[in-house]
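Q: Below are the chains, spelled out letter by letter.
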Amino acid sequence: MLERWSVFAALCLLAAAATAAPKVEDSIAQRAMACTLCHGKEGRASAEGYYPRIAGKPQGYLYRQLLNFRDGRRDYGLMSDLIAPLGDAYLEELAGYFAALELPYPAPQAPTLDAGQLALARRLVQQGDAQRALPACVQCHGQTLSGLQPAIPGLLGLPRDYLNGQLGAWRAGQRRAQAPDCMAQIAKQLRPDEINAISQWLASRPVPADYHAAPAHEHALPLQCGDLR
Amino acid sequence: MSGTRASGRLGIGLLFSLALLAAAGALLMAMNHLDEGHHSSAPAPATASTPAEQVQRGAYLARAGNCMGCHTRRGGAAYAGGLGIPTPFGTVFAPNLTPDPATGLGDWSREDFWHALHHGRGRDGRLLTPVFPYSNYSLVNRDDSDALWAYLQSLPPEKSARRAHELRFPYNTQLALAVWRALYFRPQVFKPNPSESAAWNRGAYLAQGLGHCNACHGPRNAWGATSADDDFGGSRLDALGWYAPSLHDPSEASVSGWTPEALRDWLRSGVSPKANASGPMAEVIQGSTQYLNDADLDALGSYLRALPVRTATNGPAGPNTSAALRPLGEKLYEVNCAQCHGGHGEGAEGAYPALAGNRALLMSRPDNLLRMLMRGGFAPTTVSHPRPYGMPPFSGLLSDQELAAVASFVRNAWGNRASDVSALDVLRLKDTRVD
Numbered sequence: 001m002l003e004r005w006s007v008f009a010a011l012c013l014l015a016a017a018a019t020a021a022p023k024v025e026d027s028i029a030q031r032a033m034a035c036t037l038c039h040g041k042e043g044r045a046s047a048e049g050y051y052p053r054i055a056g057k058p059q060g061y062l063y064r065q066l067l068n069f070r071d072g073r074r075d076y077g078l079m080s081d082l083i084a085p086l087g088d089a090y091l092e093e094l095a096g097y098f099a100a101l102e103l104p105y106p107a108p109q110a111p112t113l114d115a116g117q118l119a120l121a122r123r124l125v126q127q128g129d130a131q132r133a134l135p136a137c138v139q140c141h142g143q144t145l146s147g148l149q150p151a152i153p154g155l156l157g158l159p160r161d162y163l164n165g166q167l168g169a170w171r172a173g174q175r176r177a178q179a180p181d182c183m184a185q186i187a188k189q190l191r192p193d194e195i196n197a198i199s200q201w202l203a204s205r206p207v208p209a210d211y212h213a214a215p216a217h218e219h220a221l222p223l224q225c226g227d228l229r
Numbered sequence: 001m002s003g004t005r006a007s008g009r010l011g012i013g014l015l016f017s018l019a020l021l022a023a024a025g026a027l028l029m030a031m032n033h034l035d036e037g038h039h040s041s042a043p044a045p046a047t048a049s050t051p052a053e054q055v056q057r058g059a060y061l062a063r064a065g066n067c068m069g070c071h072t073r074r075g076g077a078a079y080a081g082g083l084g085i086p087t088p089f090g091t092v093f094a095p096n097l098t099p100d101p102a103t104g105l106g107d108w109s110r111e112d113f114w115h116a117l118h119h120g121r122g123r124d125g126r127l128l129t130p131v132f133p134y135s136n137y138s139l140v141n142r143d144d145s146d147a148l149w150a151y152l153q154s155l156p157p158e159k160s161a162r163r164a165h166e167l168r169f170p171y172n173t174q175l176a177l178a179v180w181r182a183l184y185f186r187p188q189v190f191k192p193n194p195s196e197s198a199a200w201n202r203g204a205y206l207a208q209g210l211g212h213c214n215a216c217h218g219p220r221n222a223w224g225a226t227s228a229d230d231d232f233g234g235s236r237l238d239a240l241g242w243y244a245p246s247l248h249d250p251s252e253a254s255v256s257g258w259t260p261e262a263l264r265d266w267l268r269s270g271v272s273p274k275a276n277a278s279g280p281m282a283e284v285i286q287g288s289t290q291y292l293n294d295a296d297l298d299a300l301g302s303y304l305r306a307l308p309v310r311t312a313t314n315g316p317a318g319p320n321t322s323a324a325l326r327p328l329g330e331k332l333y334e335v336n337c338a339q340c341h342g343g344h345g346e347g348a349e350g351a352y353p354a355l356a357g358n359r360a361l362l363m364s365r366p367d368n369l370l371r372m373l374m375r376g377g378f379a380p381t382t383v384s385h386p387r388p389y390g391m392p393p394f395s396g397l398l399s400d401q402e403l404a405a406v407a408s409f410v411r412n413a414w415g416n417r418a419s420d421v422s423a424l425d426v427l428r429l430k431d432t433r434v435d
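The listed protein sequences correspond, in order, to chains H and Y. For the first sequence, our numbering gives the first residue as 1, with consecutive numbering after it. For the second sequence, our numbering gives the first residue as 1, with consecutive numbering after it.
Read the hints as simulated data drawn from the structure, not as lab findings. Keep in mind the model is a prediction, meaning the values are calculated, not measured. From the three backbone atoms N, C-alpha and C, an ideal C-beta is built for every residue, glycine too. Hints are not guaranteed to be accurate.
Said to hold, decoys possible - To give a feel for the contact side, a few chain H residues facing chain Y, derived at Cβ under 7 angstroms:
| hint | residue |
| --- | --- |
| 1 | Val24 |
| 2 | Ala34 |
| 3 | Leu37 |
| 4 | Asp71 |
| 5 | Gly72 |
| 6 | Arg74 |
| 7 | Leu82 |
| 8 | Pro85 |
| 9 | Leu86 |
| 10 | Gly87 |
Unchecked claim - Here are some chain Y residues the structure puts well away from chain H; computed CB gaps all over 12 angstroms:
| hint | residue |
| --- | --- |
| 11 | Arg9 |
| 12 | Asp35 |
| 13 | Ser272 |
| 14 | Ser278 |
| 15 | Glu283 |
| 16 | Asp298 |
| 17 | Gln339 |
| 18 | Glu349 |
| 19 | Phe394 |
Model the full assembly from the supplied sequences, consistent with the hints where possible.
A: So this is what it looks like as structure tokens:
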């Protein structure tokens, strides 16, 4: 008898759970659910790779990108439209939420280019090209390419298509930052085949175990960057 | 002989035509100079306010009119202009209102400003395009115009060159503007209705004047003219891809059934148990109404809640052709929507609006519902509600058919009743420009 009652009670509970109002927390994680439909669960990027991973990128970087989208310096209607009515402090809080997430990174993508192209990419990333006054990626993004607090992102663990897309957009003036736009200056000097090679090489690098943007420090950068002020 | 008579007749005919043309021209001129003379030379009104108080009042009024909404480019300096406003006749670029002498209003006078606001004329006497809603601003009294002027002149001057409007012929001509104005524009300062309360009159002054609510909510004719400053019968904002619902129709956005407190809270915060603001109305709340003081919000409320109730001009609901998509919509709803909006469309108070009985879903045209499904949206950040919840865009995730299915389902679940939506409706909306 008791057993039957407890089954009945359990069923009632189940029924109550099924019809209960949705559980909505008053939290930043709940609010960030408007972002993760595209950017993947907890912002770890979707399978298609078009929408980038945002989890674990420096807060200052994410915040500035949100401002760039909202204020028309970056050009993606869906994103600009969505955050148009949001205030600075709230955007910074959302940026901080995703920045603080510690999530595993995807496996590297096997490159499809020949060794010569990959060697060229590696040279550009690690040494730049003095003749063209092209700084090396590592000069700003760090020797391990893990980025620098508060606003320089890491370059590993990102899909090849995304990297290609961003460098291409910078080159074409589709992606912009506050002036002086250092990344635009660099991308405009790169040839399309160099951009492709760099994207391939970066995406093929495994993400090291302790992969975090280096703490902020006085660091002479090779170029002036408006978004780092 | 007959030749002379014929040429004489021709001459008389020509003279008559010329006279007719001249009379038409004179009438057109006269129609474009109505209400001028007595106001334009009016001395500064005797106000007890100091210049600083006047500037402060002007800042408040600029909020009430949401001047920044058009006169600030996305990410640009405040009031420095440059934003393109799409219209069916071409794009109009809002000018720089800061006191920069070369590119802004630096060499304008208080008088020039009054002419622009009240008569819709530029400093050089040119007729301004009515995208600058002078049909509304004409109602603004001289005292308020002077305060606005004082405020704009107190802004830091910004160099921001004026961009020429990109209007198609003949809408880019002064003659077309003169004819339009003769037909549709009568400058007149707001006249209070003595049979209504002071609060109602203040609300009417704000809603019809600086607030220019009918610029979105009022139906427009083929020439872009609104019917009256107090007609808020609903209008499709084709250039923006939104429908501004009727403020007269209880099945759309009439607030006749709202309590004064609920309406005040909504205009201040952008959220209420009944509706979250999004799109252009979120902009209005964020840039304008959230800054209005209690007295003005209550005045606006007493006016809006008392608007005559009538059915929207949006047209009757379309025929309910097929309910075939609803089962698919129900499945998609459970996976994608129920987590926030609840298994029974009950929503989550303070965060996600209820869908059961939600008027925004059930209007005869599903445009706003489809727009929200496709592009998502947040309620605005406001002082009293700084961290709004939002909805993600589903356009990349769901096909046109699936979006139509979700829309058809939510329009007909939990006691809701509205026409079903087809994939064609979704496609049609995708074709409209979205900024």
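Q: Against each hint, give a clear statement of whether it holds in the structure.
A: Structure-based check of all given hints:
| no. | hint | in the structure |
| --- | --- | --- |
| 1 | Val24 | 4 angstroms, holds |
| 2 | Ala34 | 4 angstroms, holds |
| 3 | Leu37 | 4 angstroms, holds |
| 4 | Asp71 | 3 angstroms, holds |
| 5 | Gly72 | 4 angstroms, holds |
| 6 | Arg74 | 10 angstroms, violated |
| 7 | Leu82 | 5 angstroms, holds |
| 8 | Pro85 | 4 angstroms, holds |
| 9 | Leu86 | 5 angstroms, holds |
| 10 | Gly87 | 3 angstroms, holds |
| 11 | Arg9 | 65 angstroms, holds |
| 12 | Asp35 | 38 angstroms, holds |
| 13 | Ser272 | 16 angstroms, holds |
| 14 | Ser278 | 8 angstroms, violated |
| 15 | Glu283 | 7 angstroms, violated |
| 16 | Asp298 | 25 angstroms, holds |
| 17 | Gln339 | 6 angstroms, violated |
| 18 | Glu349 | 8 angstroms, violated |
| 19 | Phe394 | 7 angstroms, violated |
Checked against the numbered hints listed earlier, the structure breaks hints 6, 14, 15, 17, 18, 19; every other hint is satisfied.
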